[in-house]
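Protein chains: 2
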Amino acid sequence: MSDAVLQYLRDHRYEQINHLIDFLKIPSISTDKQNKEDVKRAADFVANYVRHIGFEKVEIQPTKGHPLVYAEWMGAGEDAPTVLVYGHYDVQPADPLELWESPPFEPVIRENRLYARGTSDDKGQVFMHLAVFEAFMRTEGKLPINVKLCIEGEEEIGSENLYSILDEKKEQFAADFAIISDSGMVSNDQPTILYGLKGFTGLEFTVHGPKNDLHSGLYGGAVRNPLMAMAHLLASLKNEEEVVTVEGFYDDVEPLLASERILMSEVPVEDYPKTTGVDQTISEKGYTAIEHTMARPTLEINGMFGGYQGEGTKTIIPSKATAKLTCRLVPGQDPETIQNRLIDHLEKHVPAGVQLELKKEPLSAKAYKVDPNHPLIKKAAESYQKGFGKEAVYVRMGGSIPVLEWIDSIYKMPIVLLGFGTPDDRLHSPNESFPLANFDRGLITLVDYYQSVRKEK
Amino acid sequence: MSDAVLQYLRDHRYEQINHLIDFLKIPSISTDKQNKEDVKRAADFVANYVRHIGFEKVEIQPTKGHPLVYAEWMGAGEDAPTVLVYGHYDVQPADPLELWESPPFEPVIRENRLYARGTSDDKGQVFMHLAVFEAFMRTEGKLPINVKLCIEGEEEIGSENLYSILDEKKEQFAADFAIISDSGMVSNDQPTILYGLKGFTGLEFTVHGPKNDLHSGLYGGAVRNPLMAMAHLLASLKNEEEVVTVEGFYDDVEPLLASERILMSEVPVEDYPKTTGVDQTISEKGYTAIEHTMARPTLEINGMFGGYQGEGTKTIIPSKATAKLTCRLVPGQDPETIQNRLIDHLEKHVPAGVQLELKKEPLSAKAYKVDPNHPLIKKAAESYQKGFGKEAVYVRMGGSIPVLEWIDSIYKMPIVLLGFGTPDDRLHSPNESFPLANFDRGLITLVDYYQSVRKEK
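Chains as they are written, first to last, in the working numbering: chain A, -6 to 450; chain B, -6 to 450.
Any given hint could turn out to be false.
One copy or any two copies: either way a pair holds, since identical chains are not told apart in the list.
Straight line, CA to CA, 35 Å or less: simulated DSBU-like cross-link-like pairs of lysine-lysine [stated by the list, open to error]:
| # | residue 1 | residue 2 |
| --- | --- | --- |
| 1 | 29 | 307 |
| 2 | 278 | 307 |
| 3 | 278 | 352 |
| 4 | 26 | 204 |
Simulated from the structure, these hints should not be mistaken for lab results.
Looking at chain A on its own, in the form it has when it is part of the complex:
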């Protein structure tokens, strides 16, 4: 590893963290129209920073929504590999504001953690790459490999315009592999290779009974109660052993390899009672909680409602009941196929006397998985080791990042997820923070990684 680069990072730590603080001060909340100009300012920050470092081509590309920052430095030459670095400069809303110990857009350091909205998700992690690029340029005058930056402003609102940009500008964004630092580690100092995420599909449905709420005394025994019909329908979807009982749900699931089960058994188990308040983990029959969350599909009811919800009693048969379902999918499962199998199941099981109204969730994603033995992944594990002094663990996660599937399907390039977040970061919640120790260790990891992948072409 280049001592000069690391020395630069040590020497300029205060200055760089101040730059990050300036970046964090911009309330680039993508979902709130009132912050449209702030989002633009955050895009400008990124563009100006990389222009200042010496990136050759820097563009703020307009979209129908918030702009995308594209920048490239191709000075490593045609023999060197090209990396596409993806990240996002937009942030989640900060409310409820009253729960923040310090204002969300006035960054402060407490107990060696930097507190502000976006410190971990994802401004802080994006900035780590910028800091490393700066150090390379200022000391060696160049980057180890060719770099294309794609930093978007709509991740927190579903990356609404990214797919079409990636699809239309194939040549511009083409690279040998991608790096994304927008994820976390299983514990605060445990380097974590994230090699798979789940896909996603959803469905909302309403069971319609009588045209109005009815008197339970006068009509109980004459009409089907939509809430009871809903209970029967929902209970028919999954049994008490957490096995989904929808026909064909598991048909296309890639089986969990014995080698992966070994990797998963090495992952330190989350302290579930502490993080969830639940004494007992419950997972699919035949699989541990780690295996189920990481690598087996799930079906969850996210919301359900109907009838009287106030204090006390109201003796009605309600006119309708609604439930919202989502599934997390694993490699092999097609979101649309699963959505249709859910619909088939519900239509087949809906009892007489009530009608079913279906609403397909428009968002969906396929699962993403990269071979944990891929050389780029193995190298990431080695760089993590150098940065954190600890051997990395290999995990898949139950979350979904649609951009992974897009990059995968459009460019067929491997994606390396180099995340430095921690379970204590409180993403999307009040008091988001990021440990400065991981900022420092992450920089070492990134310096090593960019150098070590130089020959990967």
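Please arrange chain B on chain A, whose structure you already have, making use of the hints.
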């Protein structure tokens, strides 16, 4: 039947309806503290009216809540029977006001129906007795039998203070039988002997899972989803054939007699598609909708909620789910026993990984039933025939009137339910009304009934 009494009613129809309109103008909404004085004014109206007619003892008895009007006329002598006439002068709230075609407390007649809150439930029906008493007193100078009036002001808020009054003042309220006109007929001109009502018990329960809503991707597969646990619990209570599957639920149910099934088969079937909007009736296996609503116990979910209920999708595992249940009970079933059997069932079936929180519904009632062949009931059928020119049908109803059980258990007297309401009256809803045709036919029925029961002692 006394022609003079009937002639009086015909001659004074306009005047009496104007008195009823004055009574209806008072917004005696018992649940609303702002109407406390109005409720009092409605009590005064009843007391003044009967004092004016010539009742001997008229009291406005204070309670912890709204007062009870007690009045008696015992001039028929010790050889004549004494009737306790129960009714209520309080009304339901009128909101949503914007749905009323004319203001709820400004009575108007449209198409021979009197529109106002309380026309059917129960001021209008109470007033019919007052009108008949007035006619007897003004023409014959006496009533055919001894009368005790008990007109309360808290029926719409659960008759909170009535039980203790009935229990404490046994001697004052003692009578040979009771008449209540606070119910309806199966169609607008079909006299209906209501000889049984259901009892009632209820339960609210919450399934508690994680301490906070959890990310469905990170925790799906590790914790039990309270909404799914709720669905399984609810589905375990009743099967799709509408048979309650709670152990012991039917143990104490008095079987439905063949003779009653014949009576019920003669009841004109409600036009369920019109009144409910549901094409297909659904009832307990082995019973018709009429039999189930009238004479078999029911278990209904009145409300259910948990998790995300807004627009679109929120990928959470919610921390909890709540359901509200009530049962309508038939003779033989004890409300507390059934409540406990429900609790036993839920505690036995709650799956691992979630906790159950139970909240017993404090209100309960036993079912009430009188022998449809009782001479007082047979006489009611005859009087109905005179008033309406049609043979009465015999029904039981799925609703619950706790005062029936109290009068039954404290006084052991038969109760005659002489109701004149119709399915179109819209009780508890905007545009409550009462057909003036039934006012006229009901007066004839009551005149005949009071005369014909003279010898029933």
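**OP:** Provide an ascending list of the numbers of those earlier hints which the structure does not satisfy.
**Re:** none
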